[in-house]
Amino acid sequence: MNFFELRKAAANATMIVVTGAAALLTVGVLLFILGYLVWHGAQSLTWSFFTQLPAPVGETGGGMANAIVGSGKVLIIATLVGLPIGFLGGVYLSEYASAGAGFALRYVTDLLNGVPSIVIGIVAYALVVKRMGHFSTIAGGVALGIMMIPIAVRSTEEYLHAVPQMLREGGLALGRPKWRVIATVVIPAALSGIISGVMLDLARVAGETAPLLFTALNNQYWSTGWSQPTATLPVMIFTYAISPYPDWHRQAWAAGFILLMVVLAVNLTARLIFARKRIATGG
Amino acid sequence: MIRSGAIVQPTSPLGQEDKPKGLVARLRSGDQVARMIVLLAAGAIFLITAIIFSELVLESKLSRHQFGWRFLVTSTWDPVMGDFGALPFIYGTLVTSALALLMAVPLGVASAIFLSELAPRRLSDALTFLIELLAAVPSVLYGLLGIFVLVPFLQDHLVPPLQSLLGSLPIFSGAFYGVSYFSAGVVLSIMVVPFIVSVSREVLLAVPREQREASFALGASRWQTTRRVVWPNAARGIFGSVFLALARALGETMAVTMVIGNATRISTSILAPGYSIAAIIANEFTEATGDLYLSALIELGLVLFAVTFVVNGLARLLIVATIRRGHSAA
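So the protein lines, in turn, are chains U and Y. If you read the first sequence in our numbering, its first letter stands for residue 176, the second for the next number, and so on. If you read the second sequence in our numbering, its first letter stands for residue 102, the second for the next number, and so on.
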């Protein structure tokens, strides 16, 4: 081996080690974060966390039952607002859009995806809270619903686009109208992908805090109906974490643990659903 | 060479409608109705983006008329006297984002290069899966860890030796209370690394395999191939991923709010407490008494929206250009 060969091999080995160390550090930090949240959060968990209302300021104990239900209700509204627009927008992109219109819509969708969540909160405040005159579950749901749209669009488009062209041609050759081919052939073929995309989308907005601060606000008690302010898990974590009370800190960790478990479980399930489907179709 | 548009832009897969069919026939078959429905949804997305912008402009009118452009360059924030300037928050947002990128970019890009070019495939897949999973951790949880783990760690272990070494420099001077621009920068850097890794890796993987194989065939090592063949093709897209991360860091709210210290002044030292645009909106919006106060906060939102819009737009253009070039060369 001459000098140049040696230098080449040395540079190669060095860079593998250096970049490998960077990757290890990245994964290491992230694993530490996950591990710490799980370890510390699980210790802080009690039964009353799931069954009781928050205790009055200064008292220990209590739980976040209202926040768990509140998060669920806000997510229902968000799905009702974001999913139809996002799904149909994705169908438009994949099946109907011309190249120019498609590029424009894709670009706008990406920009909407990049709008800071706190700004979405301001807009939901101006549109819903100001008109209704008070903070509400609906306002929080609208904010999260807007946030759901971009990912619903892009994942629906991606999975529809992966459906083989032959299936569409086969359907059209049978004399079916285009919309029936899309509804009965193309969409069912992509369904598992689309569902996993929606699940990931929901998991993402489930942890959003900033858009809820001045839309759903918070509530120490049960929120009945849809037009009252409501507690949600992310906002409770924020409120309790910056409070001066040790018992509230413990509950913030417990709530963080639950939120993390839900988000990770949904992520893993969504990835599994899609992976299994991909294996089954061999595509 | 194939026209690039044909690959990247999925054109209408079902082709154009048949010309001879009349409107009535298409209405009866439902095609026209279906087209209207999906067009409506597509239009709604444009509309929502436009409404976001117009609401911010409308609702911030009071403040814009009162302060004009001065709003951006003055640093008084006095709700009692009704005098508002955005400079401390703009400064804090820029400083924390810059700190975050300073730490996250080298780490993220190096990791992406390792994962896409140098690591064995199985290891790469497993690590990528983990990193993408961790990108799903909600930001309020990063804030929780920031308050209770990072801040005490910085206070006890990292900052004292740093100050005894470099404390004479203005940017490391002054008392350290744990919450600071620096703490916010560290939390942000951890949050954006997964973004940089996954987008950069995607851009790197879009470089055609034939180009790598040609380079290997000439006797180049993996690293030489990465540096001389893959990198020049992917560089623009990787800049794009950095801009994406920047946009995210600029707009990140919860984690920053929890560790930046909420001080409405400008400090040279990165170890001093400060404030960011998103953080002051999060903290003061519901407490804003008076229309001018609320309007000033919404104008801050408008500033944040405008900045992230530009940065994001730039990022997308860079990424689209790179990935399309990769495809058209294939």
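Rather than coming from a laboratory, the hints here were simulated on the basis of the structure. Backbone N, C-alpha and C fix where the C-beta goes; we use that ideal spot for every residue, glycine too. One thing to keep in mind: the hints can contain errors.
Only some residues are given here: those of chain Y computed to face chain U with a beta carbon under 7 Å [unchecked claim]: (1) F215; (2) P221; (3) Q264; (4) A407; (5) V408; (6) L415.
Output of the computed footprint for chain U on chain Y, the stretches with three or more beta carbons under 8 Å from beta carbons of chain U [stated by the list, open to error]: (7) 141-153; (8) 267-274; (9) 308-316.
Looking back at the hints listed earlier, which ones does the structure fail to meet?
2, 3, 4, 5, 6, 8 and 9
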